[in-house]
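Whole structure, please, built from the sequences with the hints as guidance.
This is what each chain is made of:
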Amino acid sequence: MIRFEHVSKIYNSHSVALKSVSFEVKPQEFVSVVGRSGAGKSTLLKLLIAEEKPTGGRIFFNKQNILKMPAKELPFLRRQIGAVFQDFKLLPNKTAYENVAFAMEVAGKSEAEIQNDVGRVLDLVGLKNKKDNFPRELSGGEKQRVAIARAMVHRPSVIVADEPTGNLDPINTWDIIRLLIKINELGTTVILATHDKEIINALERRVVSLENGVVSRDENPGRYILS
Amino acid sequence: MLNFWRNGWLSTATVLIMTVTLVVWTSIFLLNVVLTSVLDVLVEKVDISVYFNLGAKEMDILALKSKLEGMGEVNSVEYISAEQALPIFKKRHADNDIFIKSLQEIGINPLEASLNILAKNLSQYPAITAFLNQDQYKGIITNITYTENKDAIDRLSNIIKVLRESGVAASLILAFIAFLVAFNTVRLAIYSAREEITVMKLVGASNWFVRGPFIVEGVLHGVVASIISFMIVIPGIGFLGPKLFDFLPNINLVSYIGDNFWPLLLFQTLGGIILGVFSSWVAVRKYLKV
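Residue numbers (the numbering used here), protein chains in the order written: chain W, 19 to 245; chain V, 292 to 581.
If you are wondering where the hints come from, they were derived from the structure by calculation, not from laboratory data. Check the hints yourself; a few may be wrong.
Said to hold, decoys possible - Short, incomplete list of chain V residues facing chain W, as computed with Cβ under 8 angstroms: (1) E487; (2) V490; (3) M491; (4) L493; (5) V494; (6) G495; (7) A496; (8) S497; (9) F500; (10) V581.
To be verified - The calculated lysine to aspartate or glutamate pairs, modelled on DMTMM-like cross-linking and capped at a C-alpha distance of 20 angstroms, are: (11) V:K577 with W:E69; (12) W:K86 with W:E70; (13) W:K107 with V:E486; (14) W:K64 with V:E486; (15) V:K580 with W:E69; (16) V:K358 with V:E369; (17) W:K37 with W:E23; (18) V:K580 with W:E70; (19) W:K107 with V:E487.
Treat the numbers as computed from the prediction; the structure is a model and nothing was measured. Just so it is clear, CB atoms sit at the ideal spot from N, CA and C, and this is done for glycine as well.
Written out as structure tokens, the structure reads:
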């Protein structure tokens, strides 16, 4: 479903984020990408949603090389891959409902469809009663749940989450992780980048370890082991 | 559209800066209109006179007049006969006893017939003078005033040329500076929305979906700015126009505005819209590259 082939990302001679990284993700898998800060986790996910371009290698999504994709088609790619970020990236001037609805407006969905789907997905993340609150009125965990709802609303086949719990306390962290597990059990592929040892060890799912821009381990089920 | 109101202060600031820009543009344009008409008035004041000796036949003078009128360089030629010249002379020197008394003593009309020639352009006087200096006219012409006024005419011609050119250059520079100020204001406004643009792109918005509202906002800013600027310019002219008219009777800005109301309004509105849309377009483009 997703395949990285010898992908490299070199910012400059002093800063090499990824060196010839190759691995494959199958449909409905739950894959954790682990590594210390600066190991290249975020870069890997940014390459997948074409936020950045690799220096070398090929990245396939559903057998399509995303590096060969014309800029016009990127919006369609991004609607098939839901992205969740450490800093939530919610629009501060829009309510929870509007933030999620916005992702559908972008795709030109009808008003009726938007009302129906946004309500459903806010229900899924357990925020139906906070739909009219602005991000500043929500806790960190709630903000992240809005962001997950936004990522889910297109019914994407993949969710990529880049340190989604990085700014959250332990209780909220587990809420978010349980939500991601639930989404995965409903049939969506999940790629989770984190450096949280406890989460990884409790998940007992596949783990891809990155060290200095190189895949050092790829085990299923894996544990958090960094040399 | 919603953004226009939600970012109240930013919109207000942008509109005000664009208004200032439009007022500057319009003022520069009107100043050029004034400068041009002042210079035209000056040019009209310059003419040359050709005097004929007393023996010259009126028929020959009129033949020369029609020849001059046939020349491309000549704007108009006025014939003043000796009989017409006398009352003009008396009137001009009415308060000078010596002149009037000497005229009475002579008893006859000593004045010469003349042609007043107005060229289309100051630089064409030498050509006209050269034409009049031909041998065939030497017998009847006593004097051509160009030779006396040559220095003054040349100097004026130079001054006018420099004023016209520097006026255009200064206008262009000022207009460009005003444009830069407005452009950078819009850029700052859009800079404040850069994260929003990034988020839009990351959730799958196409470039047009992101750009659209900013372009609409640019049009709105432009239209509102042009309306405000017109509300400043029109009363401004109403106030300054009559004062200028007292000072330079050839320039009536109030009637100029009256005659050119719609073109001016169009000029301002189009200027505002182009300014707004162009600035938004360029400013947003930078953040669309996600």
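Evaluated hints:
no. : hint               : result
1   : E487               : 6 angstroms, holds
2   : V490               : 5 angstroms, holds
3   : M491               : 7 angstroms, holds
4   : L493               : 6 angstroms, holds
5   : V494               : 4 angstroms, holds
6   : G495               : 4 angstroms, holds
7   : A496               : 4 angstroms, holds
8   : S497               : 5 angstroms, holds
9   : F500               : 6 angstroms, holds
10  : V581               : 6 angstroms, holds
11  : V:K577 with W:E69  : 14 angstroms, holds
12  : W:K86 with W:E70   : 13 angstroms, holds
13  : W:K107 with V:E486 : 8 angstroms, holds
14  : W:K64 with V:E486  : 16 angstroms, holds
15  : V:K580 with W:E69  : 9 angstroms, holds
16  : V:K358 with V:E369 : 13 angstroms, holds
17  : W:K37 with W:E23   : 11 angstroms, holds
18  : V:K580 with W:E70  : 10 angstroms, holds
19  : W:K107 with V:E487 : 8 angstroms, holds
The structure meets every hint from the earlier list without exception.
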